[in-house]
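Dock the two chains into a complex; use the hints.
Sequences listed follow chains A and B, in order.
Take the first sequence: its letter number 107 is residue 172 in our numbering, and every next letter is one higher.
Take the second sequence: its letter number 107 is residue 114 in our numbering, and every next letter is one higher.
Just so you know, these hints were derived from the structure itself, not from any lab.
None of the hints are false.
Quick list of simulated restraints, FRET-style, between CB atoms:
(1) A:K239 <-> B:L102: 26 to 34 Å
(2) B:N113 <-> A:C205: 18 to 26 Å
(3) A:I132 <-> B:P115: 51 to 59 Å
The following residues of chain A were derived to be distant from chain B, with all beta-carbon distances above 12 Å:
(4) A138
(5) P139
(6) L141
(7) N142
(8) F143
(9) L144
(10) R145
(11) P147
(12) K148
(13) F151
For glycine and all other residues, C-beta sits at the position ideal for the given N, C-alpha and C.
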Amino acid sequence: MSFISAYAVPLMIFVFVLSGIIRKVKVFDAFTEGAKEGLECTIKIMPSLIGLMVGISMFRASGAMEIISQIFAPVLNFLRIPKEIFPLAILRPVSGSGSIAIVTDILNKYGPDSLVGRIASVMMGSTETTFYTLAVYFGCIGIKKTRHTLKSALTADFTGIILSVFTVYLLLNK
Amino acid sequence: MFTKTVDIFSILSHIIFWVIIMMNYIWGFMVIISFVISAIRGNVSEVTAASLEGAKEAITTIIGLLGIMCFWTGLTRIAEKSGLTAFFETALRPLTHKLFPKLPKNSPAMTAISMNMTANLLGMGNAATPLGLKAMEELNKLNKFRDTASDEMCTFAVINTASIQLIPSTIISLRQMYGSQNPGEIILPVWICSILALVAGVTVSKILEKRSRL
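Extracted from the complex, chain B is given alone in its bound form (with noise of 0.2 Å):
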């Protein structure tokens, strides 16, 4: 049973990469596909309006997003200046040292990982990324395999696929420009959310990693 789950996913998995390589021809199929079918239908006029109103909602969108992007970003910056980041990464390392127990605690490879969910936690995508490869790197470093990831590597990945956010920004933002009584009223669910999706991905990563020694 369980073998089976696994094939579905490296199945699963294989189809969605190659669904990324082919953005290109996906977005080119989306337009084309639209147009064929809205001629055997006969509604081309409706997908003509569709593609210019998309157009314009796509900068509405953005129009409303940008300023609360610009605030938080601007608000996260402070954090950084008064050293409120920093306390948030010494508040999180006893979590990173029970994800990641085989690093020594101040490596620079822990240090790295605690200062990037920090930023993620925080919301400030920008610094993550580039905090996240640092991580990696330092990872590397560590790692005694050429080309293949070592259990930390997964760990860290895994953190990073899902969303560990204080507050999700973003959608906020989008459900207060469409009118919503309470574009806040999501936040509890988001986290309940993100955090057992957390602990999912997390624990079957140190349960397979137990199967796939090294």
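Just chain A, same shape as in the assembly (with noise of 0.2 Å):
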């Protein structure tokens, strides 16, 4: 297992690199290419994850987040959900910027190898931001009736983030 997990972006790199060595692609020039897509990209998400994550932090210190998952504390403790990982829970399917704040604020405060910090990790890795993309793929086509869509969407994201939590107890923190 942890064979897997050393090697998956070593290989990945080594085989991306070897093909383009081989198809005698200018493999640098193409790097610096792709590269300045991804630096304007990651430039763009800037001012919402500024605002995100003032908001979060503020919310945090304030006691307000405490009170919060308080309140769901039953439910959560039923699922063996950890509380420090319900507000990531309930935004990652609405917001990627301000999952990445949470998430950012989790491992900084417990710890990235920490039993939250994994589960926060493995949540944020297998789910995406169900209702961004759904409002996009369906809007832009002019799609009012979606069906079941969004039941389906959401049973995947229902079972990503109990299952994250699940293959953490089982294969990280044993």
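Written out as structure tokens, the structure reads:
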């Protein structure tokens, strides 16, 4: 298991660059060209990330986050979801930069190798911003009746959220 | 029992759609409520400090992410030019044919769908969205109803709301930034969770499409 985790990234980098060299791509030129795009894209999320991180850290410092988590504590205990994770589980399907902000907050406060940090990481990696995606995809072609899409997509999110708690318990925090 | 869960789903969906529309208010409320609660508890100075800390933290995060993001988009550009993404796309074809059995095999819609899935798989977020929109447009051309989604559109949208990334690079780099002993240890759990979530979503969508025949 640790083998897969350790080799997935380096193997992919190796294969990408090797394929470029074999097919005689100007690999460095292609790399810098692509990297420039990444730069623009990351800078674009900066304003909303600043806003959200200010909001979230104020919300936490004031104790409001604690109050909200306490209200939902019984349900969370039942599902074995640590209450620190709750804000992420709620915001993940709604906002991409919002969930980056919350994950950063969690990693900063509890550490990436803590139980909470690991669950937050797996949750962040295995789910998507469902509502944003649906709004953009159906909005652009003017579809108003999305039929069963939302139910199915939310089932996927719920499965991902619950499983990220369980896989961390089973695989990482033995 | 089943209809009851569906009701909860639709109520929940309305609430969250409302949440998106209200994002401006929510952010405003977050700030206001933080001050009100801290005034009651008497820790206003902590909250003020936290706001400045949050802004600083956002910049640190962005700078930390910037390197890996650029590295990743740079690598995927190489893969694009070398034809590796085209190879992945062909490899995905049997799967896309299974997921969309009613689509003609070499239709523009099918091509756009498998290109979008490849882009998602390789973590090319910038490329995935335009390709996804293209796929939706192509699917809409085959759609008999003007404002109602076809079965294929529903399945395709569900696939895009699940995360099917080979390497979850954003979260790995965030973990690295905060000093994880093993930033990549989450890859296997992430794969398991995202595959099962995808299977759950697609299964439910296939079951429900039969119930809501157009």
